[in-house]
Amino acid sequence: MTTLDDLMKLPGAMAAFEFRGGGELLEHRIAYPDRINQSILDLLAHMCAANLSIATMQARGWEKMTGMEGFYPIQEFTLIGFDWSVVVSGLLREQHKQAGKFSLPPLMGVVMANEKADYEAAFAILERKEPVQ
Amino acid sequence: MSIVTDLLAKPGVVAAGEYAYRGDRFSYRGALSEEHARKASIMCRATTMSVNMEASMLEALEPLSGLPPPRGWLVHGPDYSVCVIANVFCLIDNSKGSINDLVGFMRQALAHVPSDMI
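Line by line, the protein sequences are chains A and B. Mind the numbering: the first sequence is residues 1 to 133 in the working numbering, read in order. Mind the numbering: the second sequence is residues 1 to 118 in the working numbering, read in order.
Please keep in mind that the hints were generated in silico from the structure rather than gathered at the bench. Treat the hints with caution; some may be incorrect.
[Said to hold, decoys possible] Just a sample of chain B residues kept apart from chain A, beta carbon distances all over 10 Å, derived: (1) G23; (2) L67; (3) N87; (4) A109.
[As the list claims (entries may be wrong)] Only pairs whose alpha carbons sit at most 27 Å apart, straight line, appear in this in silico DSS-like list of lysine-lysine: (5) K64(A) - K96(B); (6) K116(A) - K10(B); (7) K116(A) - K39(B); (8) K64(A) - K39(B); (9) K116(A) - K97(A); (10) K101(A) - K129(A); (11) K129(A) - K9(A); (12) K97(A) - K64(A); (13) K116(A) - K9(A); (14) K10(B) - K39(B); (15) K39(B) - K96(B); (16) K10(B) - K96(B); (17) K97(A) - K129(A); (18) K129(A) - K96(B).
[Stated by the list, open to error] According to the in silico footprint, chain A covers these stretches of chain B (three or more CB under 8 Å from chain A): (19) 4 to 10; (20) 42 to 53; (21) 59 to 65; (22) 71 to 85.
Ideal Cβ positions, reconstructed from N, Cα and C, are used throughout, including at glycine.
Model the full assembly from the supplied sequences, consistent with the hints where possible.
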């Protein structure tokens, strides 16, 4: 069972996806193709990669400016839309970087219907530690 | 009571505030200096404008996608999170508060706010 499959079991899960740091969509699962299609996921992955990078820069800058720690590294970025939310994380990638690995795993995300969205459950799956090979 | 006062009464909320979309005003309450709150409001406004631009681009490519108009965004750090819905932001201590409760409260309390960012 992969992390994508686990993400698809979350309440209201509509899609789960993997993407590169540059935003390219990789493996994905779609529960409702009439509402979320591959084309939407493709742009969403690019948006999320950009937002995760900007949030990381802001967290870094904020910690330096204020002396307040605990914002960096960003665990997840969540965009709350009108009907659904998307939660993305690069934490697994960060763990590989800290272990000195050059080959990094993809970033991951899940799209959930707002009415049923359990953000904390999504965070828990995306923050799950996996052995660094 | 204002939403900022309501938010500060929620478990784990360290500070909360509002900013004008045109960027000329902000207000806040909580454990931040005036200067840090000003910087926080600038960063929150910039990200809000950015996600709105992205959502309108998605809408142009895929109409009725269900994303626009975006209601807000959330950054989850190891100890603290920043949650923004409409033009209201708050900082939350992850160990003391619930993100699900906070987002649910803010979405409901700010559901009536127009999405035209004026």
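- Enumerate the violated hints, using their earlier numbering and listing them in ascending order. Hints 2, 7, 9, 19 not satisfied by this model.
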